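On the provided structure of chain W, position chains R and P as indicated by the hints.
One letter stands for each residue in the lines below.
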Amino acid sequence: MQPNGVVVQHNGVVGWAESSRPTTSRMVGLEDSAHPTGKAPAIQVNAAHRTEPWWVRWSLTLAAVAVLTVLVIVPVVNVFYQALGRGVGVYMQNLFGDPNTRHAILLTLTVAPSAVLANLIFGVACAWAIARFRFPGRALLLTIIDLPFSVSPVVAGLMFVLLFGMQGYFGPWLRDHGIRIIFATPGLILVTAFVTLPFVVRELIPVMEAIGPEEDVAAVSLGANGWQMFWRVTWPNIRWGLLYGVILCNARAMGEFGAVYVVSGHIAGRTDTMPLRVEKLFQEYNTPGSFAVASVLTFLALVTLALKTWLEHRERKEIAEALTYTNTRGKE
Amino acid sequence: MSITVKNISKRFGSFTALDNVSLDVRNGGLLALLGPSGSGKTTLLRIIAGLETADEGVILYEDEEVTHRSARERNVGFVFQHYALFRHMNVFENVAFALRVRGWKQAQVRERVGELLRLVRLDGYEKRRPSQLSGGQRQRVALARALAAQPRVLLLDEPFGALDAKVRQELRRWLRLLHREIHCTTVLVTHDQEEAFEVADRVVVMNRGRIEQVGSPREVFEHPATAFVMDFLGRVNVFQGRVQNGQAYLGEAVVPCPDYLHNEERSARVYVRSHELDIERNAGPTTESSSSLAATVMHVHPVGAVVRVQLHLREADDSLNVELNPQRCNELDLKIGDRVYVAPRRARVFVPDYSI
Amino acid sequence: MAAVNRRVLPGFSLSLGYSVCYLGLLVFIPLAACFLKAASLTPVQFWDAVWNERTRAAYRLTFGTSLAAAGVNVVLGLLVAWVLVRYSFPLKRLFDALVDLPFALPTAVAGLVYSSLYVQSGWLGQYLVPLGIEGAYSRLGIVLVLVFTGFPFVVRTVQPVLEGLEPELEEAASTLGATRWQTFRFVLWPPLVPPLLTGFALAFARALGEYGSVVFIAGNKPFQTEIAPVLIVARLEEFAYGEATALAVVLLVLSFALLGAINLLERWSKNRAA
Numbered sequence: 001m002q003p004n005g006v007v008v009q010h011n012g013v014v015g016w017a018e019s020s021r022p023t024t025s026r027m028v029g030l031e032d033s034a035h036p037t038g039k040a041p042a043i044q045v046n047a048a049h050r051t052e053p054w055w056v057r058w059s060l061t062l063a064a065v066a067v068l069t070v071l072v073i074v075p076v077v078n079v080f081y082q083a084l085g086r087g088v089g090v091y092m093q094n095l096f097g098d099p100n101t102r103h104a105i106l107l108t109l110t111v112a113p114s115a116v117l118a119n120l121i122f123g124v125a126c127a128w129a130i131a132r133f134r135f136p137g138r139a140l141l142l143t144i145i146d147l148p149f150s151v152s153p154v155v156a157g158l159m160f161v162l163l164f165g166m167q168g169y170f171g172p173w174l175r176d177h178g179i180r181i182i183f184a185t186p187g188l189i190l191v192t193a194f195v196t197l198p199f200v201v202r203e204l205i206p207v208m209e210a211i212g213p214e215e216d217v218a219a220v221s222l223g224a225n226g227w228q229m230f231w232r233v234t235w236p237n238i239r240w241g242l243l244y245g246v247i248l249c250n251a252r253a254m255g256e257f258g259a260v261y262v263v264s265g266h267i268a269g270r271t272d273t274m275p276l277r278v279e280k281l282f283q284e285y286n287t288p289g290s291f292a293v294a295s296v297l298t299f300l301a302l303v304t305l306a307l308k309t310w311l312e313h314r315e316r317k318e319i320a321e322a323l324t325y326t327n328t329r330g331k332e
Numbered sequence: 001m002s003i004t005v006k007n008i009s010k011r012f013g014s015f016t017a018l019d020n021v022s023l024d025v026r027n028g029g030l031l032a033l034l035g036p037s038g039s040g041k042t043t044l045l046r047i048i049a050g051l052e053t054a055d056e057g058v059i060l061y062e063d064e065e066v067t068h069r070s071a072r073e074r075n076v077g078f079v080f081q082h083y084a085l086f087r088h089m090n091v092f093e094n095v096a097f098a099l100r101v102r103g104w105k106q107a108q109v110r111e112r113v114g115e116l117l118r119l120v121r122l123d124g125y126e127k128r129r130p131s132q133l134s135g136g137q138r139q140r141v142a143l144a145r146a147l148a149a150q151p152r153v154l155l156l157d158e159p160f161g162a163l164d165a166k167v168r169q170e171l172r173r174w175l176r177l178l179h180r181e182i183h184c185t186t187v188l189v190t191h192d193q194e195e196a197f198e199v200a201d202r203v204v205v206m207n208r209g210r211i212e213q214v215g216s217p218r219e220v221f222e223h224p225a226t227a228f229v230m231d232f233l234g235r236v237n238v239f240q241g242r243v244q245n246g247q248a249y250l251g252e253a254v255v256p257c258p259d260y261l262h263n264e265e266r267s268a269r270v271y272v273r274s275h276e277l278d279i280e281r282n283a284g285p286t287t288e289s290s291s292s293l294a295a296t297v298m299h300v301h302p303v304g305a306v307v308r309v310q311l312h313l314r315e316a317d318d319s320l321n322v323e324l325n326p327q328r329c330n331e332l333d334l335k336i337g338d339r340v341y342v343a344p345r346r347a348r349v350f351v352p353d354y355s356i
Numbered sequence: 001m002a003a004v005n006r007r008v009l010p011g012f013s014l015s016l017g018y019s020v021c022y023l024g025l026l027v028f029i030p031l032a033a034c035f036l037k038a039a040s041l042t043p044v045q046f047w048d049a050v051w052n053e054r055t056r057a058a059y060r061l062t063f064g065t066s067l068a069a070a071g072v073n074v075v076l077g078l079l080v081a082w083v084l085v086r087y088s089f090p091l092k093r094l095f096d097a098l099v100d101l102p103f104a105l106p107t108a109v110a111g112l113v114y115s116s117l118y119v120q121s122g123w124l125g126q127y128l129v130p131l132g133i134e135g136a137y138s139r140l141g142i143v144l145v146l147v148f149t150g151f152p153f154v155v156r157t158v159q160p161v162l163e164g165l166e167p168e169l170e171e172a173a174s175t176l177g178a179t180r181w182q183t184f185r186f187v188l189w190p191p192l193v194p195p196l197l198t199g200f201a202l203a204f205a206r207a208l209g210e211y212g213s214v215v216f217i218a219g220n221k222p223f224q225t226e227i228a229p230v231l232i233v234a235r236l237e238e239f240a241y242g243e244a245t246a247l248a249v250v251l252l253v254l255s256f257a258l259l260g261a262i263n264l265l266e267r268w269s270k271n272r273a274a
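If you read the protein sequences in the order shown, they are chains W, R and P.
Position 125 (the first sequence) corresponds to 125 in my numbering; numbering is contiguous.
Position 189 (the second sequence) corresponds to 189 in my numbering; numbering is contiguous.
Position 179 (the third sequence) corresponds to 179 in my numbering; numbering is contiguous.
Next comes chain W alone, as it looks inside the complex (with noise of 0.2 Å):
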């Protein structure tokens, strides 16, 4: 704590009082910390610095595309040249002649909209309670929410295998009622669940807090009940904010493999995903194929970055609306 108001005469010379509130100095806008969802920053700097002599500039942006240049452009081009080396007509043969590619296709687009789904669901609510709420035990929560984050995928598939398989805890009565959840597509939902659990969550709560309660509160003040201020109200603040996280989701969902490949017991044309019929392909030497399933994860990841990166440049724009609208953030 600052010393309060001195006023001090010193040899003729003035002290001064102080006031004892400290000033802040010019802040910087959201903080969006160590985040594994990876979403480029906010704030775009002033200037582009150029006091390094040009030669250090040069350097380093070329070592930098180099860099970007190797790690991810080349592979990226190696994918689709590998996919359609030999001509359009065999990679549709590969793709859609194949029964067994055919069904992992179809399985991929079943079980990964699944989860994301129920992380949806789940996602709003927990940010809800999470944004708007304070109580005991909230920063336990946000806690075991990263775990899934942290968890290795072929332990997570280990868990459930533990939990619904042959020989796990419920493995008897389930194979009594005739369910199968290990070996089949709802294990694979479930797992698929568990590992893109944090997403949707994780993106919602800093747009929730950044967008602030007053409109809900005020819909709220003004008459409306819990659904009607929700759809109303706090679905259109959110629901970009929500788009970016499913897609973050969906992303993630699409590609799982280790956990999958733990859960699914790789029944080629029942239980393989689209990344285990990369791998069974090319464990059975057959490269054009292998590369023509990844071809198309390659094509929708890239879809979801060009996604992600228009969401980013929306989301940006709705939060500066919000944040003047709110006036949260006071005077300089």
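In case anyone wonders, no lab produced these hints; they're calculated from the structure.
Everything numeric in this text was worked out from a predicted model, so none of it was measured.
Do not take every clue at face value.
In silico DSS-like links for lysine-lysine, alpha-carbon gap of 25 Å or less [claimed, not checked]:
(1) P:K92 <-> W:K317
(2) R:K127 <-> P:K92
(3) P:K221 <-> W:K280
With the C-beta cut set under 7 Å, the calculated list includes, among others, these residues of chain R facing chain P [stated by the list, open to error]:
(4) R72
(5) F86
(6) R102
(7) G103
(8) W104
(9) L334
(10) I336
(11) G337
C-beta atoms are modelled at their ideal positions from N, C-alpha and C, and glycine is treated no differently.
Leaving out everything else, chains R and P in the frame of chain W:
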């Protein structure tokens, strides 16, 4: 050390920040660059510091040309509006920075930093972090840091802009006293007229990249050279009137106007300062050289040491601001709706001088 | 941010209740099953499962490669973040968006393409193998693919901090007489250390658990190029559930410890930047 600015121009894309600006700062002086935002004052300061390069013109320190020297080589002390303190260093390390990069020995560093902290009345705060200081304290640390390596010139960019009003006042007074103690040539940028007048011994009024006037605070206030300067400093009423032969005609009123002595009658914008108007209950004698305007009182409110009266001119259907001292206001006992008469004592006109 | 009284806004009990149920079913119970199963082993069995020559080799490999990959990512990540924030060049926005590709790309695809690139006949392997650099079916390959998967972490933790550094700090340093190098070392570098550490920890944690990409490129030879997750899967395929679970528990405990460390790091970073 004196500073000479000669014919400096600077453009940012299509925007001209400075247009052929020249200026002299005498050794040991305290100069204020005053103007609205966009006037170019900060750009000029940064060019003097070496943080920007001018497109044209030269900068001289004493007689040495420094135009192409980097900020580092110029040995200037620069104080930023938002302090720019190094957050990960404590107060001691911040102030010691300039000495450390020059390779001073630890003992010397400690001595000099101690001296500086005593100068800014922050001895005892060595171990504190900037986040633990108030705004005023941070700015004092920034000042001490800038003075550490004994710069030839001290440049301050709106140094008190981010502070509370009371702290601002204290620090202004303190800066003036500090300048008296250390006699460093100082240039201060501000948009606050009061600040410039209180602190500086010379004021440079700038607008849109050009210098409007240079002079002591008193000079620029009482003898503004251009309409902009008059309008920017103090509170001013602007009328559309006619001028001829040393008189300005504003509606019914006639006001002495020594700016325009020509015979030829012209219409002109006439400037009257708020405190150069009298309010009377009665019309007073109408003479050839002065008379008053009929007005109705709209609003009366005290502001600090004066009372501001807002009036509505009946004839011209325009509004008018007058500043009175409180005694006069009590004498008049003004109420809203009162019909009174306003007599301008003095008017200024800025008419380009040409003859047909 | 403003918190609201439970009675003001609706849905608290519903949302919290649903969330807790969902988490309980999907997270808690499976984790509990894991620990329960591990607990069913005797201490001796447990120890035998997690500490023998094969597992030790797997730990060494997993740890070593993850550490190396995270370390490489710190250097590369700082470089890329620096260039993206401070310089401009054509197509910069495209490159900025591409940084996130490793997040979006399925790990299986990453493993597939990396192994095919660095094989002797691959685009990169054709130059590297003659030089003696075996990128595929080797430990180097594992590190390579882990660098890929962890790449965005460091970049994205450093970028916001770099952008938040006001230009006035560097201007102040230069008016005070610092050379460009001194400015970097004393003014720019210290605020970057916390995010670099956090990014390192995140990349490291991610690399420890990585499976999909590594299986393609590692060759998976026990004692040589078998990482811990691969060993777990091997045990599972032998139906040695107890042993697999024991190993899983070791990995879990390690990951949780890392998660805690990362949270502490993030909090420490926030305090230092304040």
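F86 of chain R was flagged as interface toward chain P. Is the shortest Cβ-Cβ separation under 7 Å?
For F86 of chain R, the interface hint holds, since the closest Cβ of chain P sits about 6 Å away, which is under 7 Å.
Hint consistency between K92 of chain P and K317 of chain W [alpha-carbon to alpha-carbon, up to 25 Å]:
Holds - the C-alpha atoms of K317 of chain W and K92 of chain P are around 21 Å apart, at most 25 Å.
Using Cβ atoms only, decide whether R102 of chain R comes closer than 7 Å to chain P, and label the hint accordingly.
Hint on R102 of chain R: holds, closest Cβ of chain P at ~6 Å, below 7 Å.
Can G337 of chain R be said to touch chain P, with a Cβ gap under 7 Å?
Nearest chain P Cβ about 46 Å off; hint violated.
Given pair status - K280 of chain W, K221 of chain P, alpha carbons within 25 Å:
Roughly 19 Å separates the two Cα atoms, so the pair holds.
So, as I understand it, the hint says R72 of chain R touches chain P; can you test that by seeing if any CB pair is closer than 7 Å?
Check passed: Cβ of R72 of chain R comes within 5 Å of chain P, closer than 7 Å.
Going by Cβ atoms only, is G103 of chain R closer than 7 Å to chain P?
For G103 of chain R, the interface hint is violated, since the closest Cβ of chain P sits about 10 Å away, which is over 7 Å.
Proposed proximity, K92 of chain P with K127 of chain R (alpha carbon, max 25 Å)
Cα-Cα ~42 Å, so violated.
Interface hint outcome for W104 of chain R [beta carbon to chain P under 7 Å]
Nearest chain P Cβ about 11 Å off; hint violated.
Given L334 of chain R as an interface hint, is its Cβ closer than 7 Å to any Cβ of chain P?
violated, 47 Å
Does I336 of chain R hold up as a contact with chain P if the rule is Cβ-Cβ below 7 Å?
violated, 42 Å
Violation of the numbered hints given earlier is confined to hints 2, 7, 8, 9, 10 and 11; the remaining hints are satisfied by the structure.
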